[in-house]
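Trainee: As you go down the protein sequences, you meet chains A and B in turn. Numbering-wise, the first sequence is residues 1 to 393 according to this note's numbering. Numbering-wise, the second sequence is residues 1 to 314 according to this note's numbering.
Heads up, a few of these hints could be off.
With a straight-line Cα cutoff of 30 Å, these simulated DSS-like cross-link-like pairs (lysine-lysine) come out [claimed, not checked]: (1) A:K313 / B:K202; (2) A:K269 / A:K254; (3) A:K385 / B:K127; (4) B:K127 / A:K269.
Calculated from the structure, these hints are not laboratory results.
Given next are the chains, with one letter for each unit.
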Amino acid sequence: MNTRNIQVFAILVVVALTLGALAGCGPKPTTPGDQSPTSPYVIGAVFDVSGSGSPLGTPEQDTAKMMEKEINAKGGINGHPVKLVILDNGSDEAKSLTAMKKLIEQEKVVAIIGPSQTGTTLSGASAVEAAKIPMVSCAAGVKIVNPVQPYIFKTAQSDVHAVAKVIDYLKEKDIKQIALISVSNPFGDSGKEQLKIQAAPAGIEIVSEQSFQGTDTDMTAQLMTIRKTKAKAVICWGTNPGPAIVAKNMATLKIDLPIIMSHGIANSKFIELAGSAADGVVFPAGKLLIAKELPDTDPQKAVLLAYSESYKKEYSKEADTFGGHAYDAFNIVCDALKKVGSDPVKLRDEIENTKNYVGISGVFNFTAEDHNGLAKDAFAMVTIKDGKWIPVK
Amino acid sequence: MDTGEIVFMDQLPDILQTLVFGLAQGGIYALIAVGFTIIFSSTEIVNFAHGEFVMIGALVSYWLIMVLGWPIYLAIPVAMAVAMAVGIVLGWVLMRPLKESSPVSLIIITIGSSMLLQGIASMIWGKDPVNVRSFSTVESLSIQLPIMQSGTQQPALLIVETQQLWILGIALVVVTALSLFFKYTLVGKAMRAVAANRHGAKLTGINVSRLVYGAFAMAAAIGALAGAAIAPLSSGFYNMGTMLGMKGFSAAIVGGLGNFPGSIIAGLLLGVMEKFGAGYISSAYKDAFAFIIILAVLIISPRGILAFRKRGKS
Chain A
1 MNTRNIQVFA ILVVVALTLG ALAGCGPKPT TPGDQSPTSP YVIGAVFDVS GSGSPLGTPE
61 QDTAKMMEKE INAKGGINGH PVKLVILDNG SDEAKSLTAM KKLIEQEKVV AIIGPSQTGT
121 TLSGASAVEA AKIPMVSCAA GVKIVNPVQP YIFKTAQSDV HAVAKVIDYL KEKDIKQIAL
181 ISVSNPFGDS GKEQLKIQAA PAGIEIVSEQ SFQGTDTDMT AQLMTIRKTK AKAVICWGTN
241 PGPAIVAKNM ATLKIDLPII MSHGIANSKF IELAGSAADG VVFPAGKLLI AKELPDTDPQ
301 KAVLLAYSES YKKEYSKEAD TFGGHAYDAF NIVCDALKKV GSDPVKLRDE IENTKNYVGI
361 SGVFNFTAED HNGLAKDAFA MVTIKDGKWI PVK
Chain B
1 MDTGEIVFMD QLPDILQTLV FGLAQGGIYA LIAVGFTIIF SSTEIVNFAH GEFVMIGALV
61 SYWLIMVLGW PIYLAIPVAM AVAMAVGIVL GWVLMRPLKE SSPVSLIIIT IGSSMLLQGI
121 ASMIWGKDPV NVRSFSTVES LSIQLPIMQS GTQQPALLIV ETQQLWILGI ALVVVTALSL
181 FFKYTLVGKA MRAVAANRHG AKLTGINVSR LVYGAFAMAA AIGALAGAAI APLSSGFYNM
241 GTMLGMKGFS AAIVGGLGNF PGSIIAGLLL GVMEKFGAGY ISSAYKDAFA FIIILAVLII
301 SPRGILAFRK RGKS
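Starting from the given sequences, assemble the full structure and let the hints guide the process.
Mentor: Structural data, given as structure tokens:
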């Protein structure tokens, strides 16, 4: 062994020892049956922190960590400190299931919050259901709570409500013919499906249905087809960057129709990407976006302002809707823990019993039939003017 | 005028408009296809990491222009230089330690490199798409056509974004420069010699490995230029290179891999077909439509669309 090899070997040994020492320091998992007044309540969380879901999972993780800190600073729940174990599923459905199993079997968590996306939630739902551990997901897909599974809840607003809000807006503006352009992914497909279901009863006709791929760079061909129809408004259902390109292409082609988009563009990124073409776009959004402009009578206003303030203080960046889903999930679980303690069955019943919880995504009223607990007033219609969000009057 | 002609005249402005957008999209595909062709000619490797050069061009130019406020004429050469450096490293990885490997394992390494580069880009720039401003301050031009817009009494307008003109201009300059380079310069001739007969070229004293680096650097620079040019229209993001790379690769294949004029024509055709497919057939199946035509071309003429011309020569 020459000197260089010895050096490398020595470094490796030191690294290995350090890692071993760190691992040994970790607190031992507790069992849910342990009810001594100071034993921590272990709450598990699975978020899509890395991978494609990272724009959702990252603020959710940040929010959950902030909430854990806050609640423990206030003395925990009835004297029990809260210990949050967060795992990253890498936006991968199989890894998400593994993470949930790990939380249940090794960490002995009393409840799980997350994951961030519909696919990663559904992949583990049946395992969680079988283990009888309540899970409050932060994902939007209506499939998570329809059909209802006893132990599965979710805090993100459903597409159903966003579409209902859009249909209301169209009725109000007396727009009877619409063209639909949506992204070819579960988000776009689900929006399209809901629009088709809800448009007909409202007397609205979809005169053209177009789609685009998530990575497409130009939608002019689809928009020119729409231009030839009798459409009085264009509905675009997608997530960045597609909708920004649609808005820009419409400006380029001088297609002068109202543009209504989805809550998928409820972020400053859309305004940045679409630039001046973003002006006048109308979309349904969680109220966090326009918290300051809400009337003081709005029950959510105080909660929204408090959350965005503490988030900004903690991370020096703006809070967003996704973090809000984790905020609600965390609070709903903790409120239930406070009332009934950590027995999973009682905890589940208490979560299902949540009434008038005023959160970030809306006012929640869970029932045995509705594990989302929100109504369409969880959304507000927002428009963009000079690059700023303002509520639609 | 019979009814058929009226219908056609009605459609004409839209057809022209679709053609313009299709050609601009195709210009990008053509530039990307050229990069595949350059690397394939000198190494016989299909470089599946080529789309990442496009992404590097888009994101580095975004960073320089939008974050640091550099002028475009400085930012783009620097973005190209960054891509060239990455290209040379990739060339080194493929050529030096793996000299004895089979082409298949080299191609798999390019796929791995592609994932690695995407991962690095997502760590540097995040996963959100970013916006880059257009090269020109005037964003689009409207040209009045001597035809009436159907259903109205106004003349039809043909709209061209200045960025699209830039793309087509860049494609034209790159193609001309490349053909002059391969025809008249010693290095260009040497590259062609390597492509034609690697062993023979080596025997005549051509430094093959240096040429391979040159090929990677050139391909990377052209890819980065394409990325910088498309970013103002499409925004830039860490995995934008995947789909653009696939389209460019398809164009290179249809053009007959290793055939420059073929890949340019195929790139433009692919862009135009895609737009007509989306506008006149179905937007949901537009990619499928383009790829079906590619399959058809390959079945009819497996060596690419210009194969009939080559056949006579060789």
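Trainee: Compare the structure with each hint and give your call.
Mentor: Quick rundown of the hints versus the structure:
1. With a CA separation close to 65 Å, the supplied pair A:K313 and B:K202 exceeds the 30 Å bound.
2. Using a Cα cut-off of 30 Å, the hinted pair A:K269 and A:K254 holds, with the two alpha carbons roughly 23 Å apart.
3. Of the supplied pair hints, the one linking A:K385 and B:K127 holds, its CA atoms being roughly 26 Å apart against a limit of 30 Å.
4. Restraint check for B:K127 and A:K269: the C-alpha separation of about 11 Å stays at or below 30 Å, so the hint holds.
Going down the numbered hints, you'll see the structure goes against just number 1.
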